[in-house]
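For the sequence shown, my numbering gives the first residue as 418, with consecutive numbering after it.
Derived by calculation from the structure, the hints in this document are not laboratory data. The structure displayed is predicted, hence computed values, not measured ones. The reader is advised that the hints may include incorrect statements.
As the list claims (entries may be wrong) - Listed next, with one range per pair, are the computed distances between beta-carbon atoms:
1. L464 with L441: 11 to 21 Å
2. S456 with L427: 21 to 31 Å
3. L423 with N452: 36 to 46 Å
Yeah, the Cβ is synthetic: ideal placement off N, Cα and C, and Gly gets one too.
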Amino acid sequence: MKTTELINLLEKAMTGSALRHTVLTNNLTNVNTPNFKRSEVDFRSTLE
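Produce the complete structure using the sequences and hints provided.
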């Protein structure tokens, strides 16, 4: 794997991780909100 490809993959992984963190924070913030439906992140799709 070339260095640039590795950097791109790592960037996608970091972006996916940050998105997951944001979604989890939102889910926890709204856990007691009536009719709130939790969100999920498909980490694998963020790497594609």
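Evaluate the given range 11 to 21 Å for the C-beta pair formed by L464 and L441.
With Cβ atoms ~18 Å apart, the hint holds.
Is it true that L423 and N452 lie within 36 to 46 Å of each other by Cβ?
Because 43 Å falls inside the window, the suggested range holds.
Is the gap between the beta carbons of S456 and L427 within 21 to 31 Å?
Since the Cβ atoms of S456 and L427 sit about 24 Å apart, the hinted range of 21 to 31 Å holds.
Consistency with the previously given hints is maintained throughout, with no hint failing.
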